[in-house]
Each structure stands twice: as structure tokens, then as C-alpha cells.
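S.K.: The lines below spell out each chain.
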Amino acid sequence: MFSIICYLKEFLRAEWIKKFLFAKTPPLVTPPHYRDFPQLTGKECSHELRCMMICPVPDAIKVLKGEDGKWRPVIYKGHCLRCGLCVEACPDNVLTSGRILEQNEIDRTSLLGTYHLVIDNKLCMKCGNCSVACPINKEIDPRLAHNATSSNDDVIMRIKNSKLTILHPEKCTGCKTCEETCPNRAIRVYRRVEAVQD
Amino acid sequence: MSIIQSIKNKVRQRSIHVCYVNVGSCNGCDIEILACLAPRYDIEQYGIYVHNNPREADILLITGAFTEQWEDKLKHLWDLIPEPKAAITIGNCPVSGCAYNRRGARIDPPVSKHIPVAANIPGCPPRPTEIIGTILELAPVVFKDYEEKKAKEAAETERKTKGAKK
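As they're listed, the protein sequences go chains A and B.
Note that this note's numbering has the first sequence beginning at 1, numbered continuously upward.
Note that this note's numbering has the second sequence beginning at 1, numbered continuously upward.
Treat the hints with care, since some could be wrong.
Covered stretches of chain A (in silico footprint by chain B; criterion: 3 or more residues with CB under 8 Å from a CB of chain B, positions within the stretch not fixed) [unchecked claim]: (1) 76-83; (2) 133-139.
One side of the interface only, derived from the structure: several residues of chain B facing chain A at Cβ under 8 Å [said to hold, decoys possible]: (3) Ser15; (4) His17; (5) Ala99.
It is worth saying that the hints were derived from the structure and are not from the lab.
Just so it is clear, CB atoms sit at the ideal spot from N, CA and C, and this is done for glycine as well.
With the rest of the complex left out, here is chain A (with noise of 0.2 Å):
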């Protein structure tokens, strides 16, 4: 009988019926460490498209230049998949998200890539769009066009004795340009990508 009339007690507290009828889990706070959306840091973007390379989601960040003529990249809500590579690779830390950087300071790592260009000869048929339409070709070469015969040495790639030849793959900087012009998909190109910790 003492105990019902101390349960009893303990139930019609005011407290312990607001508590019962009014239950709520505490409000979710997002942790410091989540990696949500990139977000601008404010830094000037130098335009080497690291960002770009590395996302391996088609569209979802694009570095576009604003109405002051600066550049910035721009997040594509819907495409980001937020793994937070843009973040990594980007040489002036231009974006952030959640601790990324400031681990990366800590462990002194980053993220480099080199571009190795295979051609497929049975695909190929030697039109020469890819020499052309490269951007790095048409600076060391300007005279290249057409045919894409070169007699520069310092040139990525050119056609020679009708083959298309690959001088020097380590001057390409990734911008897959001679992938999109090649009209049989011939030429890829693939990007390998390094942690370094120094």
C-alpha cells in the first residue's frame, strides 16, 4: 500500500507529466567536422581548374567569371555529391567544407595530378581536331592548323607521316578539350591523382 501511494506520488508531479506528455529528442545540430556544400573562403581563384578535374561528378562545379572579372567556381546543388576533393585540390584554398582544411594543414598533404593521353589508332582517323583544338598546342605552335602538321618539337602531340604522335603528355593540363573535338572518342584522357605529404 506505501509503495502504490509513493508511485502515485512520483506520477502527479507536475514535472513528471509535462515530461511524460511533452517528450522531445534535443534539436540535431550539425557537427563542426560535416562536409556540407563547399563555401567560398573569399580567396582569389587563379583559375588552374583543379576543382573541375578532380570532380567526379559530371556538372557539378564549374569556376565561372564573375561580373567583376574575377573567377570563381560555383557549386551545382543536385550534382555535388560533397566529397570534398574541389576542396583538397584546390592550390589557393579557395573553397572550404567542414574540417578539410584545416586537416590538410595539420597533415601536410594535397592532391596532385598528371594526364596521361591514350590514343586508340584502330578509332583514329587522323584529322588532326585534337592537335588543333588544344589549347596548350596553339601557344607553344600558332601556325598549327589544319593538318596538324608541326615542325615545333615542344608541341603535346601532332601528325606526322600521317600518325598521330605524342611528343610530350606531361604538358597537358587536363582540360580534355581534344576529347570533346575528337569526333570518334578516339583520344582520352586520364588523370592519375597523388596524395603527397611533405
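Once you have looked at the hints, place chain B on chain A.
M.R.: Below, chain B without anything else, positioned relative to chain A:
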């Protein structure tokens, strides 16, 4: 506003019935929905109930990049849901196709092309808090004063048709 309407508003705020459908995703977003049901996020304390039966549902949650097989089925499912209803897409796939949107992929995003979508939750996958927050924000927008809005709309169309006849 009539008393019945105000009661309906109040009740609908606390009982949002949800049905979810996967139209060809990797299951990541479905796991995130599952996390909403678990004790940590506990979707039922907000008055959201999962039934997985379109005839009882108010809100349809869609995950996935819309594969070809869903062409007629999703429309059918949408028609089964009684009014008032709304569709929310979860994840990147229903918006853009995300990582599946490659050359030769047999998908047809966005989902808003096939049925009217009220809200998108981007992210791959989105956090459970984002999912719960979106449902709770969207529900009053769609369901508040639904009968009154409908009556007003009906009156408007009637007036228009009468005007056209004259």
C-alpha cells in the same frame, strides 16, 4: 476560416503520412530514410508516419535516377495518392542523375519531368535532418487551408467558363 478547417489544419500538421519509392538509386538515400525512423532521429515524434502504401499517403518521397521501367508506373503510383498530396525527391539522382548520368546510361532524370515535384533535397545522400526538415517545412505549405483553397479555385474556374460562354 471555418472551425472545421482550423481543426483539419491542426490535425494535418501532426499526422503526415509518407510513402517512399525507389526509382533506381543506389539505396544510399533509402538508408538515410531508414535512419530517420531510427531512435536517434525518430521521425514519429514530429508526427510523420511511414506507411509505404500510396492510398494512405500524403507525401511521396522519391529516390533514384528514374530508370526506364518506371516510365508508366510512377505516374500510376502518383495517381493513387489521394488529394492533398505532394512529392519530395531525395538526393541528387532525381535532380540530375548524379554519378549515373553517363553516356549510355538508361535513366531519364529529372523526376519533375514525369510527375509534379514540390521540393528537392540535394545531397548524395542528404542528412536525415535535412529530410525531416524539408517534410516539416513543406507540409503546411501544401496542406494548410486545402479545402478553402480548392473551393476558391473551383469558383474561379466556374466564373471563367461562364465568362467564356457569354
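S.K.: Against this structure, judge whether each hint is valid.
M.R.: Comparing the hints with the structure gives:
1. 76-83: Holds, because 7 residues of the region 76-83 of chain A bring their Cβ atoms closer than 8 Å to Cβ atoms of chain B.
2. 133-139: Our answer is that it is violated, as 0 residues pass the Cβ test (under 8 Å) against chain B, missing three.
3. Ser15: 17 Å, violated
4. His17: Cβ of His17 of chain B sits 20 Å from chain A, so the hint is violated.
5. Ala99: Hint holds; Ala99 of chain B Cβ to chain A Cβ min 6 Å, cut 8 Å.
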